[in-house]
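K.L.:
Here's the letter readout for the chains.
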Amino acid sequence: MSTTIAPSIETIESTVLDNGLRVFVKPDSRAPIAVSQIWYRVGSSYEQRGVTGISHLLEHMMFKGTPRYPEGVFSEIVSRQGSRENAFTGRDFTAYFEILAADRLPVAFELEADRMANLDIRDKALQTERQVVLEERRLRTDDRPEGRFLERYGAVAEAGTAYAHPVIGWADDINAIDEHDLKHWYWQWYTPANANLVVTGAVDPSEVFELAEAHFGILQGPQAVQPCDPRALTPPGERRLVYRDAQSQLTHLRIGYRVPSFATAETEEDAYALMMLAVILDGGEGGRLTDALVRGSGQATIVSSAYNGMTRLDAEFTCHAVCPNNQTETLEQSLKSQIARLSGEPISESELRRARSQLIADHFLNADDIFNQAMQIGQLEAIGAGWETFSKLEHKVQSISQAQLQAVAGRYLKAENSVVGILSPFESEAKCE
Amino acid sequence: MELSIQHWCTDNGARVFFVARHGLPIVDLRIAFNAGSARDSTMPGLARMTSNLLLEGTADRTASEISQALEQHGARAQIRCGRDTADINVRCLSNRVHLEPVMRTVGDCVGCAHFPSDSVDRIRQRMIAGLSQEAAAPMEKSEKGFTAAIFADHPYATSPGGEFDSLKAIDPQRLRSFHGRYFAATNATVTLVGDLSREQAERIAEQIVVRLPVGERAPALPPVRPLSARPVLRLPFEAEQTHVSIGGVSLSYGHADHPALHLGCHILGGGGLTSILARRMRRERGLSYSSACKLTAGAAGGRFQMKTHVRNEALSEALSVVRASLCELLEQGPDTDALELARENLLGSLPLQLASNQDLLEQVAIIGFYNLPEDYVHRFSQQVRTLGGEDVRAALRRHLDPDLMATVLVGPQPVISLVG
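Residue numbers (our numbering), protein chains in the order written: chain A, 1 to 433; chain B, 434 to 853.
Next up, chain A with everything else stripped away, as it sits in the complex:
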């Protein structure tokens, strides 16, 4: 795959309103619909113990109404437009979206602009919504062995950084956050200068800019502040978590390495190289891990590898395996030797070709959904890497050499950057206690 496979799909236009709100538009007219996403640069990594989960709780409160559109009215208006709406909170952002017929965009802007400035945070609604959030926490974390494991794993893997606490927050903090905390959080972060508006779909950029000016241009708010990040412990050193869970039926092994993200990499080549390394290990059934550990030695039932470089702080490069027989020691050694191979020997031409094809094809397949297109812009902007990052994807992926891959693997995928997590069922004796 040496020639460019398709014309560039990165035709994005952007502008900044006087109040600091930044607007990004990517037209795609295959269907008469549009996606509107408003991204606030605030998420769980902006929080401290005591108020963990506040960004997510505030996300819930954003559906509780304003003086002009009281509780329920917002959702009803959106629903009448045939629109799908929701929101999500991550470590580095809180975002709200509507997916709707392209000509209904003004409705989404009107409602989002109103709740950006006029949210009504009342104690009674908070008490009910807190219960909803605790139910969500039980569903995702408290009542699932893997949920319990991943929360503990995160605390160990991210020790010393703001990524150590869960996005949904620790239960005692969710219980303790009050109306005033939320009002302050809202006032501080939900300001035009701290927000990005992303629109994709069957729209004309200049019309979207005008519409954004009309609805959001009049809003005022404080200047955006920079989050204060504790200095990461570098290098954190090799860590290990063995977590036994009475309900778990399977043994899971997870090895993670702290690596740079698209935002923190000294040169972006490092981040692209990490993406390629993850695809060489996994990226489908033809990757090294499945070949060696599932089809080959049968040491694992399921394996995967991933690099999520879309983070504001450092990212993680992970390998995950489900172990059929609790023999985690041999499996851990095998996984580690696969990691060592990445830097120890050259990667074959055919593996390189496969990794390049996969990454480039995935890029286009991902663009099929205009929601994904907006997500990509929103995330790159929220972490501080800039939307332009992925416009170079094809070129970067083609140009990274075997030597660069080996060097990056050697530099980052090493013991002192690693954490090993094991989730295992209680042994049978322990069950009898």
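The hints are simulated quantities; they were obtained by calculation from the structure and are not laboratory data. Owing to the predicted nature of the structure, the values given are computational and were not obtained by experimental measurement. One or more of the hints may lead you astray.
[What the hints assert, rightly or not] Estimated spans, in silico, between C-beta atoms of each pair:
#: 1; chain 1: B; residue 1: P652; chain 2: A; residue 2: R353; range: 44 to 50 Å
#: 2; chain 1: B; residue 1: A602; chain 2: A; residue 2: K414; range: 44 to 50 Å
#: 3; chain 1: B; residue 1: K727; chain 2: A; residue 2: K414; range: 45 to 51 Å
#: 4; chain 1: A; residue 1: G344; chain 2: B; residue 2: P847; range: 53 to 59 Å
For every residue, glycine included, the Cβ atom is placed at its ideal position computed from N, Cα and C.
Could you slot chain B onto chain A? The hints should help.
P.N.:
Frame of chain A; chain B shown alone:
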């Protein structure tokens, strides 16, 4: 809302549905065989294991070589096997340098699957691991219990994922004979969406099915029968929440009452935060994170299911709210506001269901497999447009009887044994 679906048959009798959509250099393909778990007979898991093995080896290629052959070209292949169909989904670039070798490989695999014994054992292990994982997941337990309870002795009752014992008993011989019977051209529906001309689509479709025998279509399944009692299934699971499912069987695709029933269920618990259940359970009482009502159609009949999860101490309150909401709707019908809200939402959201090539593929594949008219989406929306509150109420009453519905509770023993 018109879809310009083109339809034809391949030389060996496979039905093909195609929608050209340009703009992105990609192609989505689905081959749906009428070979879902409803065909498992006495061997739960047989259909899914067969389909999971399709890309695991042919006479001349190993599993590893097959995945290399696809991934060298950036293709993504995914197999899904539910109650009605076994689907092979392939997403890839439309550039012929990539497209043609990918389609050749897929055609080889589908027609000449080989079922090597090491692959059989590996897939078996993976499915057994899946079952173990489900045992620790309350939502999956609830789902499995619910379908078993409502479908009773119908072939839909067993889980497509199989059971520990049956999975252990399936051997390559059984897999080969299942494959021989159901993976035939006349039992297949091919759907293509993407950056292709009609001519290219015809060529690809032929390539995909060329190695399949003509075969014969699978016989129709017996229709599902409504429950004749009100079973309560209690599945103990140590957790802070109890998962609740209440419902019964409902209509198959194409039934005249389907739009009215769909509208009624949407009012009760469909989409977003505005439905009766979302409002009463979440917004007003803070009882649950999600409460929904889902209507699913299938070839032999569908299912109606109200679902929620609540903290253990609030279980009886939640059960009363859910049950009372359904009864109220059946007795009084929807009020005008609720009806209009649901109607506008359903009609307005139609373009969303067809937005990406993948969404479009989903819709076209359903139309193709279930023999629905090509203007199905349009007809459905016309009906939704004209239905009145009384039509909805009458349809709900014709097909849903709260006294003949199953309740499934997954939660701690002391909690679930107290309610019913």
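K.L.:
The structure should be examined with respect to each hint, and the outcome stated for every one.
P.N.:
Quick rundown of the hints versus the structure:
1. P652/B <-> R353/A: 44 to 50 Å: Holds, since P652/B and R353/A (Cβ atoms, about 46 Å apart) stay within the stated range.
2. A602/B <-> K414/A: 44 to 50 Å: With Cβ atoms ~46 Å apart, the hint holds.
3. K727/B <-> K414/A: 45 to 51 Å: holds (48 Å)
4. G344/A <-> P847/B: 53 to 59 Å: holds (56 Å)
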